[in-house]
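Asks: Using the sequences provided together with the hints, build the complete structure.
Here the protein sequences line up with chains P and S, keeping their order.
So for the first sequence, the working numbering puts the first residue at 1; every next one is plus one.
So for the second sequence, the working numbering puts the first residue at 290; every next one is plus one.
If you're looking for bench data, these hints aren't it; they were derived computationally from the structure.
A few of these clues could be false.
Stated by the list, open to error - Short derived list, chain P residues pointing at chain S, Cβ under 10 angstroms:
no. : residue
1   : Gln12
2   : Glu34
3   : Leu150
4   : Gln153
5   : Ser164
6   : Ile167
7   : Lys170
8   : Lys218
9   : Glu268
Unchecked claim - Calculated cross-link-like contacts (lysine-lysine; reagent style DSS-like; alpha-carbon spacing at most 30 angstroms):
no. : chain 1 : residue 1 : chain 2 : residue 2
10  : P       : Lys210    : P       : Lys170
11  : S       : Lys314    : S       : Lys364
12  : P       : Lys170    : S       : Lys408
13  : P       : Lys81     : S       : Lys358
No residue lacks a Cβ here, since even glycine has one placed at the ideal position from N, Cα and C.
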Amino acid sequence: MFDSLLQYQFLQNAVISAILASIACGIIGSIIIEKRLVMMSGGIAHTAFGGIGLGYFLGIEPIIGALFITIFAAMGIATIKRKTTMNTDIPIGIFWAAGMSLGILFIALTPGYPPDMTTYLFGDILTVSRNNLYIITLLDAVVIFAVAALYHQLKAYLFDEEFSTVIGIKTTLIEYLLFILIALTVVVVIHVIGIILIMALLTAPPAIAKLFTNNLKKLMLTSSLLGIFFTLTGLWISYTLNIPSGAAIALFISLVYGMVSIIKVIMERKVKSQQLRTQDNDLIDKPLP
Amino acid sequence: MNRKRVNEKLEYVINVSNLTVYYQKMCALSNVNLKVRDREFLGIIGPNGGGKSTLLKAILGLISPSSGKIEVYGKPPAKALGLMGYVPQFTKFHRDFPITVEETVLMGRLSGKTPLFHKYSKTDMDIAHSLMDKLEIYSLRKRQIGQLSGGQLQRTLIARALTVEPKILILDEPTASLDAESKSHIYSILEKLNRDMTIIMVTHDMNAISSHVHSLACLNKKLFYHGHSELSDDIIHQIYGCPIDLIAHGVPHRVLKEHGSNGGNSLV
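Replies: Here is the structure:
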């Protein structure tokens, strides 16, 4: 693979986009698991499909279509979250379905032979073009810049929204910004892993990283590095076994996550039984009164 | 702590007039009038769902009233940011959030004017450290908040509220689900703080009302009583919910003692 990597432009693009996607996912994924926004992010991700369809329908770059629609959906979901007291799962579920349906509708309305949508649904990292790469790099830079610039305010908002509001942090603004960043991340990741599989790359790396650190900055960093490891290994698996990259990456992530979870449970049991044993020993060692 | 007698020219730091709050169609607070003096230690009691937290949030500017007016130091709550330190219910936190005690306390130094790419200054650090020292959590400063006991987390949250350098400290059930020792520790801290600042506290703890709090507001959608913390029998009978609480908890007799010779009582 390494010879071909030097040889072929499309492989270089694939590796670069995998790294960029992992960085955005590591940062934003850490935030969404801490703020319990996984469901909402799923909603935003799936509306991207509507945007892809719109892109084809209007004859513009599908990713640009996805960018506009996801930002629009992100603002909508953020507004719903803020304004209603009802269970937000319901409107998000509807956003989710409506977004996908819009995509199918636009594709159906587009004249000519329908394009192959599996690239966008399940990702095909080998189809990342030069132009895609420019867009992805720009969006990644925006995500990194915004989170770095507002790190403390963002952390305060994530930890305790009410307190942050009381001390004057503009939490509404930060929340909308965060949702836009989620939208941008979704767009960055579409080619790498696909709309449907995005949640794996968003949630698993920070969930694993959380076992090793109690610091938000390190959590973001570790998640990004784990993401890079996952995507590049997945890419290698997909290249060697000749299976679709999105599925290879998502399955590899799930496998590692599953193994780590099992190890964690076993470790916890071990610690617990050790504690019990020492307690027993204490009891035995104690002289009778 | 001695309380000054009623004075006609008293300054009110918080002035709530005719406050009504609706959540959609449900009325949470109806026509509440409440005035809080400088350095008062006000306890707010009432049944669950009686609007205690709603009143706090309205004063803090977290929810906007359906009607009525709130003034904090003569300003609407949104303009009084930085005058109030807020200690939310600690039981509501996600204890697994990746943040240390020190980071939590420092958070109080942020504000709406905090610039992009902010770094905490030496002053911020000094303020946070001296408060952590005061509240006896300095040695825990590198711990993740999930590794704290309830009392330690509560003191962390109080320290955080104090780094704002507020004039009013507002606490929502600061001693809920704490053991007796942690409770009395928290109260002794609050009593010391009360020398320099006004304290408003929502509580279910009747012992605290009798021994630490100066004045009492009893809330069940309406404000049933506001005045001296020693309730008379008459008033207790008016408050649905509250008397059950009082009697059920076997409150020290002192709370129920007849009082009113000093004119400090004022029914609102």
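Asks: Next step is simple, just say for each hint if it's right about the structure.
Replies: Structure-based check of all given hints:
1. Gln12: For Gln12/P, the interface hint is violated, since the closest Cβ of chain S sits about 32 angstroms away, which is over 10 angstroms.
2. Glu34: This interface hint holds because 6 angstroms falls under the 10 angstroms limit.
3. Leu150: Since chain S brings a Cβ to about 7 angstroms from Leu150/P, closer than 10 angstroms, the hint holds.
4. Gln153: holds, 6 angstroms
5. Ser164: Result: holds, 8 angstroms to nearest chain S Cβ.
6. Ile167: holds, 6 angstroms
7. Lys170: holds, 6 angstroms
8. Lys218: holds, 8 angstroms
9. Glu268: Not OK, violated: Glu268/P not within 10 angstroms of chain S, min 14 angstroms.
10. Lys210/P <-> Lys170/P: holds, 28 angstroms
11. Lys314/S <-> Lys364/S: Cα-Cα ~28 angstroms, so holds.
12. Lys170/P <-> Lys408/S: holds, 18 angstroms
13. Lys81/P <-> Lys358/S: holds, 27 angstroms
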